[in-house]
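**Student:** Sequence:
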Amino acid sequence: MSLPEQHLLVFGASGAIGAEICRMASDASWQVTGVSRTGIEETGRIRSIVADPLAPGFCAEQLASQVPYTGICWAQGMNATDSVYSVQQAKNLELYSANCLYILETLKILLGEKLLAPGSRLCVISSIWQNLARQNKLSYCMTKAAIQGLVLSASVDLAPEGHLINAVLPGAVDTPMTRTNLSAQQIDRMTGGTEFHRLTSLMDVASAVLYLCSPQNTGITGQFICVDLGWSRARIV
Numbered sequence: 001m002s003l004p005e006q007h008l009l010v011f012g013a014s015g016a017i018g019a020e021i022c023r024m025a026s027d028a029s030w031q032v033t034g035v036s037r038t039g040i041e042e043t044g045r046i047r048s049i050v051a052d053p054l055a056p057g058f059c060a061e062q063l064a065s066q067v068p069y070t071g072i073c074w075a076q077g078m079n080a081t082d083s084v085y086s087v088q089q090a091k092n093l094e095l096y097s098a099n100c101l102y103i104l105e106t107l108k109i110l111l112g113e114k115l116l117a118p119g120s121r122l123c124v125i126s127s128i129w130q131n132l133a134r135q136n137k138l139s140y141c142m143t144k145a146a147i148q149g150l151v152l153s154a155s156v157d158l159a160p161e162g163h164l165i166n167a168v169l170p171g172a173v174d175t176p177m178t179r180t181n182l183s184a185q186q187i188d189r190m191t192g193g194t195e196f197h198r199l200t201s202l203m204d205v206a207s208a209v210l211y212l213c214s215p216q217n218t219g220i221t222g223q224f225i226c227v228d229l230g231w232s233r234a235r236i237v
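In terms of the numbering used here, the sequence shown is residues 1 to 237.
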């Protein structure tokens, strides 16, 4: 029996991780729809939707598609630097909105508009900082930790319709932004934290997402997959 055409919807498609997911899905002959506030380059298999689902003028019809979505990936999000000494209520709520409410609002729309194919596979990009503490990343760690409750609850709520939902938790990903935001000493500590002696690559992250959103995933749901080369689970001594 032939499988239905794979159609992956990627939120945050203009970011480094989202763009790599779009590219690899397209290379795998999947149809891809990328949502971002700035737009992405369209190809034969990639369609771009310029939209901000949290903006007042957003319309659910903007996500409409003639081909149901067999997979969804949320790769959007916001980062910030703060601590218990400097946290600001407005900024904390802004991060919660971008990192958590965005997912809930768009998922509610997709379900309400019946845009998901039967037995769809959903994946949220979180972070290893969902489970770990890092200095001066209070609001970021808080909102990533909230994703754990979101995914676990959604996995139960979505089960009657056969949908699967998981989260991928990248470590420090080797991107220009990472190398700008981290000092050389910090990068050396990260790369020296495993015997791989490198940062996690964009391909590492996207490969995990594509598997979880593929027909090969038939029973994994409510899980949190760290893609960090074992950095959060090992100590080199």
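Treat the hints as calculated values from the structure; they're not laboratory data.
You may find that some hints are simply not true.
To be verified - Taking lysine to aspartate or glutamate and the EDC-like style, the derived pairs with C-alpha atoms no more than 20 Å apart in a straight line are:
{"#": "1", "residue 1": "114", "residue 2": "157"}
{"#": "2", "residue 1": "108", "residue 2": "157"}
{"#": "3", "residue 1": "91", "residue 2": "41"}
{"#": "4", "residue 1": "108", "residue 2": "188"}
{"#": "5", "residue 1": "114", "residue 2": "82"}
{"#": "6", "residue 1": "114", "residue 2": "188"}
{"#": "7", "residue 1": "108", "residue 2": "174"}
{"#": "8", "residue 1": "137", "residue 2": "204"}
To be verified - Okay, the calculated beta carbon distance ranges per label pair:
{"#": "9", "residue 1": "197", "residue 2": "157", "range": "13 to 21 Å"}
{"#": "10", "residue 1": "189", "residue 2": "152", "range": "27 to 35 Å"}
{"#": "11", "residue 1": "59", "residue 2": "201", "range": "30 to 38 Å"}
{"#": "12", "residue 1": "161", "residue 2": "57", "range": "24 to 32 Å"}
Just so it is clear, CB atoms sit at the ideal spot from N, CA and C, and this is done for glycine as well.
**Student:** Each hint needs a verdict: does it hold in this structure or not?
**Tutor:** Against the structure, the hints come out as follows:
no.: 1; hint: 114 <-> 157; in the structure: 15 Å, holds
no.: 2; hint: 108 <-> 157; in the structure: 12 Å, holds
no.: 3; hint: 91 <-> 41; in the structure: 31 Å, violated
no.: 4; hint: 108 <-> 188; in the structure: 42 Å, violated
no.: 5; hint: 114 <-> 82; in the structure: 39 Å, violated
no.: 6; hint: 114 <-> 188; in the structure: 47 Å, violated
no.: 7; hint: 108 <-> 174; in the structure: 33 Å, violated
no.: 8; hint: 137 <-> 204; in the structure: 24 Å, violated
no.: 9; hint: 197 <-> 157: 13 to 21 Å; in the structure: 42 Å, violated
no.: 10; hint: 189 <-> 152: 27 to 35 Å; in the structure: 31 Å, holds
no.: 11; hint: 59 <-> 201: 30 to 38 Å; in the structure: 37 Å, holds
no.: 12; hint: 161 <-> 57: 24 to 32 Å; in the structure: 30 Å, holds
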